[in-house]
Every structure is written in C-alpha cells, then in structure tokens.
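So the protein sequences, as listed, match chains Y and S.
Letter by letter, the first sequence follows residues 1 to 450 of the working numbering.
Letter by letter, the second sequence follows residues 1 to 165 of the working numbering.
Read the hints as simulated data drawn from the structure, not as lab findings.
Wrong hints could be hidden among the right ones.
Unchecked claim - The list that follows gives simulated cross-link-like pairs (lysine-lysine, DSS-like), each with its CA atoms no further than 27 Å apart:
#	chain 1	residue 1	chain 2	residue 2
1	Y	142	S	141
2	Y	149	Y	32
3	Y	149	S	24
4	Y	32	Y	9
5	Y	35	Y	48
6	Y	142	S	24
7	Y	249	S	141
8	Y	70	S	24
9	S	106	S	116
10	S	26	Y	149
11	Y	184	Y	9
12	Y	70	S	26
13	S	57	S	80
14	Y	184	S	24
15	S	116	S	151
16	S	57	Y	184
17	Y	184	S	123
18	S	76	Y	184
19	S	149	Y	249
20	Y	275	Y	300
21	Y	374	S	123
22	S	141	Y	184
23	S	151	Y	278
24	S	123	Y	370
25	Y	374	S	110
26	S	24	Y	191
27	Y	278	S	149
28	Y	394	Y	370
29	Y	142	S	26
30	Y	394	Y	374
31	S	149	Y	275
32	Y	249	S	151
33	Y	370	S	110
34	Y	275	S	151
35	S	57	S	76
36	Y	184	S	26
37	Y	9	Y	229
38	S	26	Y	191
Single-letter residue listing:
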Amino acid sequence: MGVKLLLDKANVPGIRTYEVYRREGGYRSVEKALKEMNPESIVEEVKKSGLRGRGGAGFPTGMKWSFIAKPEGVPRHLVCNADESEPGTFKDRYLMEFIPHLLLEGLIVSSFALGANDTYIYIRGEYAWITDILEEAINEAKANGWLGKNILGTGFECNIHVQRGAGAYICGEETALIESLEGKRGNPRIKPPFPAIQGLWQRPTVVNNVETLAAIVPIINMGGEEYAKIGVGRSTGTKLISACGNINKPGVYEIDMTISVEEFIYSDEYCGGIKGGKQLKACIPGGSSVPILPANLLLKTATGETRYMNYESLSDGGFATGSMLGSGGFIVLDEDQCIVKNTLTLARFYRHESCGQCSPCREGTGWMEKILHKIEHGQGTIADIDLLWDIQRKIEGNTICPLGDAAAWPVAAAIRHFRDEFEWHINNPVLSQTSNFGLQHYADPIHVPA
Amino acid sequence: MTYTFNETQMAELNRLVARYPEGKQKSALLPALHLAQDSFDGWLPTELMDYIASLLKIEPIEVYEVASFYSMFNLKPVGKFIFEVCQTGPCMISGSDDIIAYIQEKLAIKPGETTKDGVFTLKLVECLGACGYAPMMQVGKIFREHLTKEKVDSIITEYRATVTN
Ligand SMILES: Cc1cc2nc3c(=O)[nH]c(=O)nc-3n(C[C@H](O)[C@H](O)[C@H](O)COP(=O)(O)O)c2cc1C
Ligand code: SF4
Ligand code: FES
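Just chain S, same shape as in the assembly:
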C-alpha cells in the first residue's frame, strides 16, 4: 500500500516544518508521525513511515527508531477506539484495578487485544496527568475521568453507536 497526504494534510505538514529553522526539518518528526497516524488507520505501517521519511528528507531508520520509542505510536493495527486506561499508583489507589477488570469483562478482551469487530482496543498505560480525577482513561484526544462501572457502560454504548450508525 502506498500513502499520500491530501492537500489539507500536506498544508499541515508544511506548517509544522516551518516552525523550525532551515535544515532542521527533522524536528517535525513527532508531530508528523501524529499527523500520519491520525490521517490513516491509527497506526504506522512501514510504508507510511517510509513516506514520512521521504517528506522530511531523512532516512527511514531515523523514523523507525523514533516511532518505536514513544508509546503513543502504534506499530500494529489497532481498533477504531483505544481505551488507554491508567494503572499507575495514584490511579491504582483510587480503584483503577476494578475498572480495568470491568472493561476486560465487558469487552471480553485482555490488555493489548482488540475486539473481534475491530471497534475497541484495550491498552494499559502509565500516568496520564489526571491523577486527581482517577480512575481515568484516554480515548482518542479525550480524557474520560472519574470512571465508574456505569460510566464505562455508557462510554462503550456511546462509541459503539458511532460505528453502527
């Protein structure tokens, strides 16, 4: 598969590159990878990383080594929505274990897995800076905080509705 940014995506990339001095376009790599991941299927196949390398005029390996370092970049296919549930100390003492167990039960998947219909992926993550609003998870750009079992139910219903409609 080959990837190409459309006009809007290309304009965004150019805006990102323009923030850095002449010749320092590699600095735009992290934002460019976010853009790439958001623009296509939510993950970074090799061909997509190669495309980014060509746009930023750097070697493909420079992209791979970065993509594999940062936890927000997915190197494998993921569901349409990723439930990234925080499991670090402050969330744990506020009941994240129960929430994680409940989501596993509701979606019938384990951490790292995706539901058969490809809608949800469950990922356990480390502190997201929402410790005072625990337990919490990130779904896309949004933080879902003060989670309870009821809230998890309604969040699942909410996202499922966007797919079936």
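Next comes chain Y alone, as it looks inside the complex:
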C-alpha cells in the first residue's frame, strides 16, 4: 500500500459530514495556519513541499502564489478550478463528492496565505449534485465558525462561494474561467497581464486546481519538508489518477509517484489488468490532450528503462517517445480499439470546444475532424495523413491559449506512433469498416506480467 494523504479517510462512513470529518482530525491545518503561522510562512512551506499544480501543467504552486500582486487597497481572490472537463479526468469530482470538507479546509488555509477574503469554486455545470454537496459543506463549516468573519478569533474573514459553469471545456483554462466567472463567454484572455496581476474583476487572482488546494492540508499538517520526502525527484507528494477505458477496475486512485506504469495497470491494488484478459494496445496517460503511447513505449522508455507514474518518467523522451502526467486522466485501450476512431472522437471534442477566437484553432480543429472522419469511413487518401500532420503543426504554438496545442498533440502522436494503422485504413477501405488493425504494430508480443 502506498502513502495516502488525500483519500486516506475517504472510506470512513459519514466523512462527507462536518461532524465526522472534524472528529477524524479535519480543520487542524486551519488552526495551525491561522494561529501559529503567517501568510509568508505558509507560502514558504508550500514552496518547500515541491507541490506542482495538479490541473495539468504542473507549475510549482508555491512559486505561483509568490507572484500575486499586492497593491494597496485592492482585494485579491483565490479561485478554485473545479471545471474538470479534460476527457479521461474525473478525480476532482471524486474528491469533492466524498470529502468536500478537505477542499474547503485547503481553501481556507490558501485564502489566508494569499490574503483573499472572497474565494470562488468554479465547478463544471454538469456536476450539479456536487454543487449541492459543496453548498451543504459550506453551510456546515460556516455554522461551526470556520468560514465567515473573524475565524478562530484571528480577525481573518473568509467566504467561499460555488459558481456553476454551463458546459464549456474551455472554461477550465484559467483566463476563460475568469471571464466566465464575470458572466461572459469563455474566451481566454491574451497574456500578459497574468491573473496574478489582473485577474477576476481586474484584481490580483490565483487560480488553482481542486487537488492542488486539497494538498495544502497535508502540507501544512506535516510540513513542507516531510511532504517533499514522499515521491521522487520533482514529483513530490501523492497524485490522484482517474483510470478508465478497457481495464478491470476503473476508478480514482491515489498513488505516490514511485510506482511503475506496469504495476499501476496490472496490480490488483489499482487497475487490475486489462478487461477480459485482452492485451494492452495503447494508453493516453494524462488526459486526452497528452500524447498517446503504444504499449511498448508506455511500459518502458525508448532506452529500455522502466517507466514510472510521475512527471519526469512519463515525459522521458519528450514527445518523440514519451508523453505527460498531465491531469492524471489515464485512458487504457485494449487490442480491439481503433486508433483512428479514437483520434476522431478526440478531434471532434476539440473542434466542439474551441472558443473560436483564433483561426488556427477554430479552422484547424474542424479540418482535422473532417479528414479523420474521411479516413475512418474509408474515404481517405495517403496524402490526407500528411495534410493532418501539416495542420496540427500549424496550430501548435500559434494560438492564444493552449487548447490549440491540446487539440494538435493527440493527432500528432497518433500519426507518429500508429501511422501504419492510418495507412491500413486507407488501403483497406472496405475491410476497415468491419474489422480492425489490432496489434499488428508490434513485431514482438507485448510483455504482460503473469
């Protein structure tokens, strides 16, 4: 059993309620932070912890907090990003649904560290029942003196508000989220200025992921240095992984980042192996936008080293032979899955979610979807593969926000590693409608543990 810091109490009956959560030691970090520490020392602890943002980009949280501007007389805000819409990702939902007070506890400490009195949780609109759970938890916390004015007699005021989105993946991008929170369309802003200088209502703002903010609780309780001892290298602490696709045990797992990818997929403690005793074909290890890897490059790096479930190891080899830990959305594909079709559904997703502000993204995502649709339906030509490659390359890096890159990478990686499958589709327009390419990529059978 690995270390658990966030979900260790998730199975305690009634942990969703304040009473049980408090009895199990909840809200201790608020007492410690408000009474024994000050905002600067909290930021220091977070820096020492090595915590990296759990929303996908992995930016060091302590450093992000230290960038917030503090102009005299201007309120600052903390915004919790609970938009969770990257396909394959459903970890924040789990955390909020089962231990809502852990998030609130992290938010109070973080708000104190940033000097924010009004903190907003922006949650995707479809998580309506979780919004109710959070509202209920906020009422309980308020009734017990953890929210509102003069918390623990320290004079610190903190209010937490939950705002529902309304169906738009782009609102997970932090500046689009801020626009949405202001009651506008979710069009990402041009940066700079960064939110830390001008964010919500032009005030200094920090946007952090749900899991990032929940991790502040163990960091304060155990101290940054102790937290940093868990994990390996720059992948400190624990990470929530939401595993889905063709595995025996889909679900949300908390891992310390020292386990291998192979253990994660095949051990009964985690995914429990491939469903139906089938073979592993490929995996998208960090949410739909990160590069897909064929089984051989997933379990071992290009140089033959064991691949581990952490930031560094998953990205070993760059995009040529590696991928990313991203949001922790771990999507497993078995031997029966078609890479072309899978890539098509993702291209459709990004076309649907593009806000339309930049032409490379707006037009490019539509073209990629159309071309993939052609290939999938037996109408493609070999030149289409090169055209797809060309389009994705022209989107990447040429847009206002990273959604353009997120749309380009899955297409690029699918062609990079599975070009033969695209060619097979094109050369077998009739056969490919009823059967699939299977595991023909692999000259040698893939190693599967006994």
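Since the structure of chain Y is provided, determine the placement of chain S with the ligands on it from the hints.
Chain S with the ligands only, in chain Y's frame:
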C-alpha cells in the same frame, strides 16, 4: 409570453447576486440562466433572456451571447427529459456507440430530436467527467452510469411513469 420569477425564485436570484461585489452583478449571469431554464420550460426563449437582462441590469445582447456559448443552455424547446449521452473517446472505447444506437431505436428519434409526445430529447454530448463509469448519460441533475441495454430500458420506463401518473 412574459416571464416573472415567483418569490422563492427571486430570493434565489438575490442570493446569487449577493455573492459578488457591488456592481459586479453580471457575474451571476450563468447561475441566473440555470435558474431561469430550470424554473420554466427547460429552455431559454428570447423573452426569458430579456427578463434576466432586466433583473441583472445588463443589455439583452450580453445575455444572448452567453446563452449561445454554453452547451447546457437550450435555445430551442426540448423534451421533458433530456438524455445527454457522452460520445467522447473513453466512453466510445467502453461501448457508447451501442448505447446511442439502442436509445435511438427505442425512442425512434435521432440525436437532436424530441419524441412526438414531448417526453424525451436525445442529445449527444462530450465528456462529462464520468469516464470510469462509462457508458453514461446525464438526465437532469443526475448521471446514469455503467449503462447497458437493460438499464436503458428501465430508465425509460422510470421516466415515462412520472409523466403518465
Ligand atoms: C483548454 C484548457 C482546459 C483546462 N482545464 C482545466 C480543468 O478542467 N481543471 C484544471 O484544474 N485546470 C485546467 N486547465 C489548466 C488551468 O488553465 C490552470 O493551469 C490550472 O487551473 C492551474 O491550477 P494548478 O496550478 O493548481 O494546476 C486547463 C487548461 C486549458 C488550456
Ligand atoms: S486556442 Fe482555441 S480555444 Fe484557445 S483562445 Fe484560441 S480559439 Fe479559443
Ligand atoms: S468520455 Fe464520457 S464521461 Fe468522459
């Protein structure tokens, strides 16, 4: 048709507006539109959007441009229950195609259509954050997960019963 919130709905709107600083009431627009859509017929006719604009003291166009951006806001009439079935990668590799085909067959409608009796609308949507519990669909506030054909049958029966009774 003109729309007016009743006392409870008005109190809810005021609670939403109070979460934002003075003068930033426009921030309550998304929650206000959810409230409006849920309070009336499940969609947002122009008159209803105009009403929301007047309550939040913003221009009608500010409401239209927002309502048309977000996929949860319906700009056309919909059935009493909307089956929003996820079709993105993780659900697709877990069998959502079969479920979608089955629902189409059972309800005799295509995606985007509503049954003649006005009870069900079928809508295909993108990832709803339930990928590990696929295939899945959202009906109102609830996620229906691990769908099978049998489960779809019983869900349809369940909702139909609420209408005929
Ligand atoms: C298109 C797009 C979608 C995103 N969606 C999310 C999301 O759903 N949740 C999230 O926490 N971060 C998301 N992000 C990342 C945020 O912009 C931001 O980096 C993050 O919330 C910062 O929090 P962290 O540092 O705690 O990870 C998204 C980014 C992009 C470009
Ligand atoms: S990259 Fe796409 S989603 Fe991002 S701002 Fe440009 S058009 Fe909008
Ligand atoms: S892909 Fe269907 S819920 Fe995520």
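query = Keeping to a limit of 27 Å between CA atoms, is the pair of residue 249/Y and residue 151/S held or broken?
reply = Roughly 20 Å between the alpha carbons, so the hint for residue 249/Y and residue 151/S holds.
ask   = For the pair supplied as a hint, residue 142/Y and residue 26/S, is the alpha-carbon distance within the 27 Å limit?
value = holds (26 Å)
task = Below or equal to 27 Å on CA atoms is what counts here, so check residue 142/Y against residue 141/S.
result = holds (26 Å)
query = Going straight from one Cα to the other, do residue 26/S and residue 191/Y come out at no more than 27 Å?
reply = holds (23 Å)
key: Pairwise hint evaluation, residue 26/S against residue 70/Y, where the allowed Cα distance is 27 Å at most   = The given pair, whose Cα atoms are some 25 Å apart, holds under the 27 Å limit.
ask   = Regarding the pair residue 149/Y and residue 24/S, is the alpha-carbon distance no greater than 27 Å?
value = holds (22 Å)
message = Hint check: residue 184/Y vs residue 9/Y, CA-CA at most 27 Å. Holds or violated?
response = violated (38 Å)
query = Taken at face value, is the distance from the CA of residue 116/S to the CA of residue 106/S at most 27 Å?
reply = The hint holds at about 13 Å.
query = Does the alpha-carbon distance linking residue 275/Y and residue 151/S stay inside the 27 Å limit?
reply = With a Cα-Cα distance of about 21 Å, the restraint between residue 275/Y and residue 151/S holds, given a limit of 27 Å.
query = Holds or violated: are the alpha carbons of residue 275/Y and residue 300/Y at most 27 Å from each other?
reply = holds (21 Å)
query = Given the hinted pair residue 394/Y and residue 370/Y, is their alpha-carbon gap at most 27 Å?
reply = holds (16 Å)
Pair hint residue 35/Y and residue 48/Y, alpha-carbon separation not exceeding 27 Å = It holds: about 20 Å lies between the C-alpha atoms, which stays within 27 Å.
Of the hints listed earlier, those the structure fails to meet are numbers 11 and 13, in rising order.
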